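Chains A and B supply the protein sequences, listed in that same order.
Everything in the first sequence is counted per numbering that gives the first Met the number 0, starting at 0 for the first residue and increasing by one.
Everything in the second sequence is counted per numbering that gives the first Met the number 0, starting at 0 for the first residue and increasing by one.
These are calculated hints, taken from the structure and not from any lab test.
If you're wondering where the values come from, they're calculated on a predicted model, not measured in any experiment.
Backbone N, C-alpha and C fix where the C-beta goes; we use that ideal spot for every residue, glycine too.
Just to be clear, a hint being listed does not mean it is correct.
[As the list claims (entries may be wrong)] Only pairs whose alpha carbons sit at most 30 Å apart, straight line, appear in this in silico DSSO-like list of lysine-lysine:
| hint | chain 1 | residue 1 | chain 2 | residue 2 |
| --- | --- | --- | --- | --- |
| 1 | B | 16 | A | 81 |
| 2 | B | 52 | B | 83 |
| 3 | A | 114 | B | 19 |
| 4 | B | 52 | B | 19 |
| 5 | B | 66 | A | 114 |
| 6 | B | 19 | B | 83 |
| 7 | A | 81 | B | 52 |
| 8 | B | 19 | B | 66 |
| 9 | B | 16 | A | 114 |
| 10 | B | 66 | B | 16 |
| 11 | B | 52 | A | 114 |
| 12 | A | 81 | A | 114 |
| 13 | A | 81 | B | 19 |
| 14 | B | 66 | B | 52 |
| 15 | B | 16 | B | 52 |
[What the hints assert, rightly or not] Across the chosen pairs, the derived CB separations fall in these ranges:
| hint | chain 1 | residue 1 | chain 2 | residue 2 | range |
| --- | --- | --- | --- | --- | --- |
| 16 | B | 34 | A | 79 | 20 to 26 Å |
| 17 | B | 34 | A | 118 | 49 to 55 Å |
| 18 | B | 79 | A | 54 | 40 to 46 Å |
| 19 | B | 39 | A | 72 | 22 to 28 Å |
| 20 | A | 23 | B | 28 | 40 to 46 Å |
| 21 | B | 34 | A | 43 | 47 to 53 Å |
| 22 | B | 52 | A | 72 | 18 to 24 Å |
| 23 | A | 26 | B | 13 | 28 to 34 Å |
| 24 | B | 66 | A | 119 | 43 to 49 Å |
| 25 | A | 12 | B | 28 | 48 to 54 Å |
[What the hints assert, rightly or not] Examples of chain B residues lying across from chain A (beta carbon under 10 Å, computed):
| hint | residue |
| --- | --- |
| 26 | 43 |
| 27 | 44 |
| 28 | 45 |
| 29 | 46 |
| 30 | 51 |
| 31 | 53 |
| 32 | 56 |
| 33 | 61 |
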Amino acid sequence: MEGNPLSHLPHGVSFRFIDRVVEFIAGERVVALKNVTGNDPHLEGHFPGNPLMPGVLLLEAMTQASGLLLPAGSSAVLAQVKEARFRSAVVPGDQIRIESVRRGGLGALHRFEVKALVDGALAAEAEIVLAVAVPGREGLDSAG
Amino acid sequence: MNEIAQRVRILLATRLKLAKAVEEITDQTPLFGPLGLGLDSIDALELVLGLEKEFGVVVEDRATAVKVLASIQTIAEFIQSQGKG
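Just need the whole structure built from these sequences, with the hints factored in.
See the structure below:
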């Protein structure tokens with residue numbers, strides 16, 4: 000992947016949950032950063048007076064980082080989340096370091112082991128499977 | 000061979016959490032599709048990873064997976080053909 004891997008992220012600016020890519024080995028491993036600020040619009044309501052990065056958005060950030068490891072230009076969707084654990088609260092001022100490693104795949108499916116760390120401590124972890132959309136290709140379950 | 004098939008059954012039961020369903024099928028029952036166990040492509044990936052970990056066999060691509068993962072018997076035959084198990 001040439002240039003800034005972030006430029007390949009298909010998400011619009013309003014739904015980007017990673018700010019910067021600091022390590023990138025195409026198809027293998029990515030490390031991305033997300034700075035959590037009080038200005039993040041979703042923190043206004045989650046929760047009023049007690050801003051807390053929603054676990055599902057943390058997972059979204061982990062998914063977006065993993066998606067950068069797919070072949071450039073791929074259109075992919077979330078297919079599976081396993082063993083997701085949220086270990087500590089993520090709040091404004093925190094910098095989340097997301098480390099995703101591709102661990103196997105089959106056909107259109109790609110599996111990633113992903114960690115989110117704040118100050119070196121594990122904030123969340125999950126196994127994520129992304130399905131690359133290939134027009135006209137059916138899954139194994141529907142194969143003749 | 001029967002011993003390998005039995006280990007494949009245990010893999011299906013534990014890794015895919017299908018203990019009950021696995022008891023009710025034969026070694027020849029299709030694992031995919033509406034006439035069989037009804038596994039999907041995500042189950043296939045899980046199974047491929049499980050086979051690699053448990054038996055040290057690698058299912059390279061989707062075409063191989065379609066053939067190898069057809070039934071418990073075809074999986075056991077593949078493991079044996081790779082000199083594993």
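Results of checking the hints against the structure:
1. 16/B to 81/A: holds, 13 Å
2. 52/B to 83/B: holds, 12 Å
3. 114/A to 19/B: violated, 33 Å
4. 52/B to 19/B: Cα-Cα ~23 Å, so holds.
5. 66/B to 114/A: Distance of about 34 Å is beyond 30 Å: violated.
6. 19/B to 83/B: holds, 27 Å
7. 81/A to 52/B: Cα-Cα ~18 Å, so holds.
8. 19/B to 66/B: holds, 25 Å
9. 16/B to 114/A: The hint holds at about 25 Å.
10. 66/B to 16/B: Holds: residue 66/B and residue 16/B sit about 23 Å apart, inside 30 Å.
11. 52/B to 114/A: With Cα atoms ~22 Å apart, residue 52/B and residue 114/A stay inside 30 Å; holds.
12. 81/A to 114/A: Since the Cα atoms of residue 81/A and residue 114/A sit roughly 13 Å apart, the hinted pair holds (cutoff 30 Å).
13. 81/A to 19/B: holds, 21 Å
14. 66/B to 52/B: Roughly 20 Å separates the two Cα atoms, so the pair holds.
15. 16/B to 52/B: holds, 17 Å
16. 34/B to 79/A: 20 to 26 Å: holds, 24 Å
17. 34/B to 118/A: 49 to 55 Å: holds, 53 Å
18. 79/B to 54/A: 40 to 46 Å: With Cβ atoms ~45 Å apart, the hint holds.
19. 39/B to 72/A: 22 to 28 Å: holds, 26 Å
20. 23/A to 28/B: 40 to 46 Å: Between residue 23/A and residue 28/B, where Cβ atoms are some 44 Å apart, the hint holds.
21. 34/B to 43/A: 47 to 53 Å: holds, 52 Å
22. 52/B to 72/A: 18 to 24 Å: violated, 32 Å
23. 26/A to 13/B: 28 to 34 Å: Given range 28 to 34 Å: holds, Cβ gap about 30 Å.
24. 66/B to 119/A: 43 to 49 Å: Given a distance of about 46 Å, which is inside 43 to 49 Å, the answer is holds.
25. 12/A to 28/B: 48 to 54 Å: holds, 50 Å
26. 43: This interface hint holds because 4 Å falls under the 10 Å limit.
27. 44: holds, 4 Å
28. 45: holds, 9 Å
29. 46: holds, 9 Å
30. 51: Check passed: Cβ of residue 51/B comes within 8 Å of chain A, closer than 10 Å.
31. 53: Constraint on residue 53/B not satisfied, violated at 14 Å.
32. 56: violated, 13 Å
33. 61: Hint holds; residue 61/B Cβ to chain A Cβ min 4 Å, cut 10 Å.
Violated hints, in rising order: 3, 5, 22, 31, 32; the structure is consistent with all others.
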